[in-house]
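Enquirer: Produce the complete structure using the sequences and hints provided.
2 protein chains.
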Amino acid sequence: MRDVAIIGYGQTKFGELWERSFRSLIVEAGVKAVEAAGIDGKDIDEMYVGNMSAGLFVGQEHIASLIAEHAGLNPIPSTRVEAACASGSLALRQAVLNVASGASDVVLVGGVEKMTDVVDATSAISSASDQEWEALFGATFPSLYAMMAQRYMYEYGLTLEELSMWSVIMHENASKNRYAQFPFKVTLEQVLNSSPVAEPLRLLHCSPVSDGAAALIVCEAEKAKEFVNKDDIIYIKASVQASDTIALHSRESITSLKAAKVASEKAYKMANIEPKDVDVAEVHDCFAINGLILMEELGFCKKGEAGKIVYDKKIAIDYDGFPAVNPSGGLKAAGHALGATGIRQVGEIYWQLKQDKEVKDRQVEIKNGYGITVNVGGTGGTVCIHILSDKR
Amino acid sequence: MRDVAIIGYGQTKFGELWERSFRSLIVEAGVKAVEAAGIDGKDIDEMYVGNMSAGLFVGQEHIASLIAEHAGLNPIPSTRVEAACASGSLALRQAVLNVASGASDVVLVGGVEKMTDVVDATSAISSASDQEWEALFGATFPSLYAMMAQRYMYEYGLTLEELSMWSVIMHENASKNRYAQFPFKVTLEQVLNSSPVAEPLRLLHCSPVSDGAAALIVCEAEKAKEFVNKDDIIYIKASVQASDTIALHSRESITSLKAAKVASEKAYKMANIEPKDVDVAEVHDCFAINGLILMEELGFCKKGEAGKIVYDKKIAIDYDGFPAVNPSGGLKAAGHALGATGIRQVGEIYWQLKQDKEVKDRQVEIKNGYGITVNVGGTGGTVCIHILSDKR
Chain R
4 MRDVAIIGYG QTKFGELWER SFRSLIVEAG VKAVEAAGID GKDIDEMYVG NMSAGLFVGQ
64 EHIASLIAEH AGLNPIPSTR VEAACASGSL ALRQAVLNVA SGASDVVLVG GVEKMTDVVD
124 ATSAISSASD QEWEALFGAT FPSLYAMMAQ RYMYEYGLTL EELSMWSVIM HENASKNRYA
184 QFPFKVTLEQ VLNSSPVAEP LRLLHCSPVS DGAAALIVCE AEKAKEFVNK DDIIYIKASV
244 QASDTIALHS RESITSLKAA KVASEKAYKM ANIEPKDVDV AEVHDCFAIN GLILMEELGF
304 CKKGEAGKIV YDKKIAIDYD GFPAVNPSGG LKAAGHALGA TGIRQVGEIY WQLKQDKEVK
364 DRQVEIKNGY GITVNVGGTG GTVCIHILSD KR
Chain G
4 MRDVAIIGYG QTKFGELWER SFRSLIVEAG VKAVEAAGID GKDIDEMYVG NMSAGLFVGQ
64 EHIASLIAEH AGLNPIPSTR VEAACASGSL ALRQAVLNVA SGASDVVLVG GVEKMTDVVD
124 ATSAISSASD QEWEALFGAT FPSLYAMMAQ RYMYEYGLTL EELSMWSVIM HENASKNRYA
184 QFPFKVTLEQ VLNSSPVAEP LRLLHCSPVS DGAAALIVCE AEKAKEFVNK DDIIYIKASV
244 QASDTIALHS RESITSLKAA KVASEKAYKM ANIEPKDVDV AEVHDCFAIN GLILMEELGF
304 CKKGEAGKIV YDKKIAIDYD GFPAVNPSGG LKAAGHALGA TGIRQVGEIY WQLKQDKEVK
364 DRQVEIKNGY GITVNVGGTG GTVCIHILSD KR
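Residue numbers (the working numbering), protein chains in the order written: chain R, 4 to 395; chain G, 4 to 395.
Please note that the accuracy of each hint is not assured.
The list treats identical chains as one, so a pair stands whether inside a single copy or across any two.
With a straight-line cut-off of 27 Å between C-alpha atoms, the simulated DSS-like cross-links for lysine-lysine are [what the hints assert, rightly or not]:
| # | residue 1 | residue 2 |
| --- | --- | --- |
| 1 | K226 | K272 |
| 2 | K360 | K269 |
| 3 | K264 | K45 |
| 4 | K370 | K269 |
| 5 | K360 | K264 |
| 6 | K261 | K228 |
| 7 | K35 | K311 |
| 8 | K272 | K45 |
| 9 | K226 | K316 |
| 10 | K45 | K269 |
| 11 | K233 | K317 |
| 12 | K316 | K35 |
| 13 | K45 | K261 |
| 14 | K279 | K179 |
| 15 | K311 | K45 |
| 16 | K261 | K188 |
| 17 | K363 | K261 |
| 18 | K317 | K35 |
| 19 | K233 | K306 |
| 20 | K179 | K261 |
| 21 | K179 | K269 |
| 22 | K370 | K272 |
Read the hints as simulated data drawn from the structure, not as lab findings.
Small disclaimer: the values here were computed from a predicted structure and weren't measured.
Expert: This is the structure in structure tokens:
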């Protein structure tokens, strides 16, 4: 298998972009990525796009063809990949396999979702759970994650203050991200006193409904040098995916994400590193509880310890001795445009590792040169992990 | 890149299967494929599934996770690929790239669609066209293909009798296929006198709305020998995909499928064969006119000549000197369960080339040992071609 690198990244703002259409979002992100990589459209051999549900949100399937047309990229192959909120990272993984196989040298990978000014988002999002055995009985995602949080608090003694500190840190980070949906700070009191959504979750424990798109240029490692300077090349050291039951009630435990554990162990092995080697992580905090659980599945701390670490702000950008988690502001504050999220996470790590001027106000200290992303579909039915490095 | 083979195939009946659920269909096909290949669930490294719109049809996204759970395949990676009616073949192509790259040795690839006893199929299917510029103005697929047929008749003098003979041959073939939705013969008069749908298309020029699923076991060529006899291994010599504008009105010509031409030329080159070397083909006749156009794009005859060849029944199973086209009965008569179709086409060629007992009543004479499939998304926005051979 050939080595694979990232040579460019671009994204739109995430938010309630009522004046923007589905197709304009992804084209903006794609053009920015192409410009960042200094490549030309004709250098692109193939295209992938992650999207959860343009069918339900905007009545449009077959979006990979639509995007290829509107990006002027015909007749290259263009493929949509879907795995609910993990669609973006799965699209990236297919691109990595494609380049690794030798089929393509340069691949554009986008992620996009148009969720506002369309239909009722809650019912569309619930199609990521087991429709017949969860959604039909009213178990929407806030309630499913609320059950996970409730049980986690019971088992590990997590307090609401500890859980809420997650959101405080996310908003703090997002305040330095011009693409974030909520680029402002919130206090612990504001989080604790925000509207109840599903006990114990408050509004400010939940990621928002977002429009947005993000795109990466993936390139064979040797060829990457033809397009960009050495410092602008970041290598994909592991691209690993695992699955678990789509239905939460089918799991042995609802306080852990088994697929995240399986995938992260495999990813560390593939990249030949340990959790302590990670400088920076982007984890899938669709709800604050998931941020904590994923820190544990990644091996950043022991089971049940994440709450204390978060409360002590050890995941903050400027803390020394623990990986910085979600410098972008995470799904919570940077926004969660479902299909785009997995790409945006990897884009943030790409910028952080290459120390791009885009992240200068939120730059994490790069010591070992490794970053990791965890993108989750549903309540953990699909998990995809990428490890990136500034070293080949 | 490593050589890739198919070692097993299974499918459900295609039809209006009101008593069957989405999940039961794909599990049946998957289990049949696993049994045919004589493998065990734990031999499977990864899974792909092609599906156009479970979101709109049955309110379920994230189906790859759902299927992995119900097939008992957690925690292997499970990925859904979507490209409207070409979803199945695109899923297969990702599996081929995956195995070729060395990431996996054995991959299960399924395709499934549940279209009856659910919502209005016509509006869901129209989401495969440009929603804003075609569907919104009432241009459903029968009308889009009717425009292609109308123009083709004008440009090349195709007669309605020639076009109708396509359906006569498809039903003749399907009468020997126990999985076909319409396993009975029709006369030329019946086709000509069937209800008008969109001028010039009659009901019997159109493929039906179908429930169904199909699954293949894809395996690295060397490892294939561990599971099945030499005669049960069929090799994938080319897996090629191309895209064109999603909107019909954006094309230079509406009487040809440019993406099919681009992909077939590349596929022949990759397989190192010419059109005349093909013994058997399965082409995407969602409407009869597309069967004719695809014969031309595949280089089986010159532009404008397909009508006469079809009328002379040179595409029939027992005709000597021309590739047999759609021995299964095609989408027209075997049925068109959107996401399953691309897999079913390859499954038919697999059975034909290995001369499986399943196709003994419709066995094509295998001379050169090559078969080809063409799977189309929308009106040709996505095209995916596979060339199979009994020789490595």
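Enquirer: If the cut is 27 Å between Cα atoms, do K35 and K311 qualify within a copy, between copies, both or neither?
Expert: The answer is neither: 39 Å in one copy and 50 Å across copies each exceed 27 Å.
Enquirer: How would you classify K179 and K269 at a CA-CA limit of 27 Å: within, between, both, or neither?
Expert: Cα proximity of K179 and K269: none, with 33 Å in one copy and 48 Å across.
Enquirer: Up to 27 Å between alpha-carbons, please classify K233 paired with K306: within, between, both or neither.
Expert: For K233 and K306, neither the intra-copy (39 Å) nor the inter-copy (50 Å) Cα distance is at most 27 Å.
Enquirer: With 27 Å as the alpha-carbon cut-off, assign the pair K272 and K45 to within, between, both or neither.
Expert: between (36 Å within a copy, 21 Å between copies)
Enquirer: Within a copy, between copies, both or neither: which one fits K179 and K261 at a CA-CA cutoff of 27 Å?
Expert: neither (33 Å within a copy, 47 Å between copies)
Enquirer: Can you tell me if K45 and K261 fall within 27 Å by alpha carbon in one copy, between copies, both or neither?
Expert: Answer is between: at 18 Å across copies they meet the 27 Å cutoff, but 41 Å inside does not.
Enquirer: One pair to classify: K261 and K188, alpha carbons no more than 27 Å apart. Within, between, both, or neither?
Expert: neither (33 Å within a copy, 53 Å between copies)
Enquirer: Between K226 and K316, at a C-alpha cutoff of 27 Å, which is it: within one copy, between copies, both, or neither?
Expert: So K226 and K316 fail the 27 Å test inside a copy (41 Å) and across (51 Å) alike.
Enquirer: From the Cα coordinates, with 27 Å as the cut-off, is the pair K370 and K272 best called within, between, both, or neither?
Expert: within (20 Å within a copy, 49 Å between copies)
Enquirer: Between K226 and K272, at a C-alpha cutoff of 27 Å, which is it: within one copy, between copies, both, or neither?
Expert: both (26 Å within a copy, 25 Å between copies)
Enquirer: Are the CA atoms of K233 and K317 at most 27 Å apart within a copy, between copies, both, or neither?
Expert: neither (32 Å within a copy, 59 Å between copies)
Enquirer: Measure nothing new, just compare the shortest in-copy and cross-copy C-alpha distances for K311 and K45 to 27 Å and report within, between, both or neither.
Expert: neither (51 Å within a copy, 40 Å between copies)
In this structure, the earlier hints numbered 2, 5, 6, 7, 9, 11, 12, 15, 16, 17, 18, 19, 20, 21 are contradicted, and the remaining ones agree with it.
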